[in-house]
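Every letter in the sequence shown is one number past the one before it in UniProt numbering, and letter 231, counting from 1, is 231.
It should be emphasised that the hints constitute simulated quantities derived from the structure, not laboratory data. Where a beta carbon is used, it is the ideal one built from N, C-alpha and C, also for glycine.
Simulated restraints on C-beta separations:
{"hint": "1", "residue 1": "F142", "residue 2": "V278", "range": "26 to 34 Å"}
{"hint": "2", "residue 1": "V93", "residue 2": "P285", "range": "48 to 56 Å"}
{"hint": "3", "residue 1": "V278", "residue 2": "G100", "range": "40 to 48 Å"}
{"hint": "4", "residue 1": "S75", "residue 2": "E198", "range": "36 to 44 Å"}
{"hint": "5", "residue 1": "V215", "residue 2": "H14", "range": "14 to 22 Å"}
{"hint": "6", "residue 1": "K71", "residue 2": "T247", "range": "45 to 53 Å"}
{"hint": "7", "residue 1": "V278", "residue 2": "Y111", "range": "31 to 39 Å"}
{"hint": "8", "residue 1": "K146", "residue 2": "K97", "range": "48 to 56 Å"}
{"hint": "9", "residue 1": "K195", "residue 2": "K146", "range": "43 to 51 Å"}
{"hint": "10", "residue 1": "E292", "residue 2": "T113", "range": "30 to 38 Å"}
{"hint": "11", "residue 1": "A67", "residue 2": "Y111", "range": "15 to 23 Å"}
{"hint": "12", "residue 1": "K211", "residue 2": "N118", "range": "43 to 51 Å"}
{"hint": "13", "residue 1": "E295", "residue 2": "D40", "range": "50 to 58 Å"}
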Amino acid sequence: AGIVTEALLRYGVHKKVIGVCNVPVGLQYSFADILGVDKDKVTVDFAGLNHMVYAERVYLEGKDVTADIIKELTSGNDKSQTMANIKGFNWDVATIKALGVILCPYHRYYYKTRDMLNSELEEFKTGKTRAEVVMEVEKKLFEMYKDVNLQEKPEELAKRGGAHYSDVACNVINGIYNDKNTIIAVNTKNNGTLKQFEDDSAIEVSCYVGKNGPVPVETVTELPVFAQGLVAQIKSFERLAAEAAYTGDYNTALLAMVTNPLISDDIRGRKLLNEMLVAHKDYLPQFKDVIEKIEKVE
Numbered sequence: 001a002g003i004v005t006e007a008l009l010r011y012g013v014h015k016k017v018i019g020v021c022n023v024p025v026g027l028q029y030s031f032a033d034i035l036g037v038d039k040d041k042v043t044v045d046f047a048g049l050n051h052m053v054y055a056e057r058v059y060l061e062g063k064d065v066t067a068d069i070i071k072e073l074t075s076g077n078d079k080s081q082t083m084a085n086i087k088g089f090n091w092d093v094a095t096i097k098a099l100g101v102i103l104c105p106y107h108r109y110y111y112k113t114r115d116m117l118n119s120e121l122e123e124f125k126t127g128k129t130r131a132e133v134v135m136e137v138e139k140k141l142f143e144m145y146k147d148v149n150l151q152e153k154p155e156e157l158a159k160r161g162g163a164h165y166s167d168v169a170c171n172v173i174n175g176i177y178n179d180k181n182t183i184i185a186v187n188t189k190n191n192g193t194l195k196q197f198e199d200d201s202a203i204e205v206s207c208y209v210g211k212n213g214p215v216p217v218e219t220v221t222e223l224p225v226f227a228q229g230l231v232a233q234i235k236s237f238e239r240l241a242a243e244a245a246y247t248g249d250y251n252t253a254l255l256a257m258v259t260n261p262l263i264s265d266d267i268r269g270r271k272l273l274n275e276m277l278v279a280h281k282d283y284l285p286q287f288k289d290v291i292e293k294i295e296k297v298e
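Take the sequences, apply the hints, and build the full model.
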């Protein structure tokens with residue numbers, strides 16, 4: 001949602017764009033489970049980027065209960081949410097306490113990179129990457145959806161890693177249409193909300209969603225110092241990737257690849273970019289000329 005929202009806000013014709021993700025709402029629901037209360041009684045100050053969002057504060061009917069959540073998360077009785085498409089690894093208790101905020105499941109890729117890479121390599125040895133698994137799941141799902149009499153949610157849907165998306169989408173629609181000003185974490189234009197980003201950058205942040213669209217909550221103004229560098233690097237990657245996709249400029253795409261902290265290698269980054277361009281050439285007409293050159297050389 002983040003990189004697509006970034007691209008649409010910068011290069012799209014329509015500027016009324018909202019990106020949604022199921023991670024924040026999943027975390028909100030898990031916090032409610034931890035507290036043993038209805039999910040509607042819990043609100044969260046989310047701030048960051050898509051798949052790079054931090055829960056800065058958790059509120060139970062307006063009362064700050066962040067410390068209670070962190071205490072529970074570090075107690076050994078972890079009820080926190082992970083995603084169907086992400087391996088679960090235990091967090092270091094001392095680190096979680098030091099952070100003072102709550103991470104999202106995708107942070108494992110950045111704070112536990114070695115564990116995640118080893119896990120992916122082990123999965124690759126079985127002969128299937130995550131993408132191939134998803135393709136198989138989606139093929140089964142679309143076959144099932146052809147049945148007009150299907151009235152139950154297929155079990156396969158849980159394997160896709162998209163729980164609660166319908167909740168977020170419907171809540172956003174309801175908030176706008178009925179001017180509810182519901183607090184929902186969405187991807188929207190920064191407009192001065194997070195001080196370290198330009199106004200026209202897309203961020204993921206808790207907003208009041210009403211007839212005028214998303215308006216960031218007043219309590220979110222900046223990211224913690226420890227998060228600022230990593231999030232800024234991801235934002236640089238998103239901007240470069242969006243620009244490359246729009247312009248078809250190879251050099252910009254290359255810069256995007258080597259800027260991503262999960263690559264951070266010029267030679268591997270270039271090789272990976274070339275491999276991906278060739279593999280997906282049918283969908284990348286803007287790179288047609290450069291792909292032809294790559295194929296001739298390699």
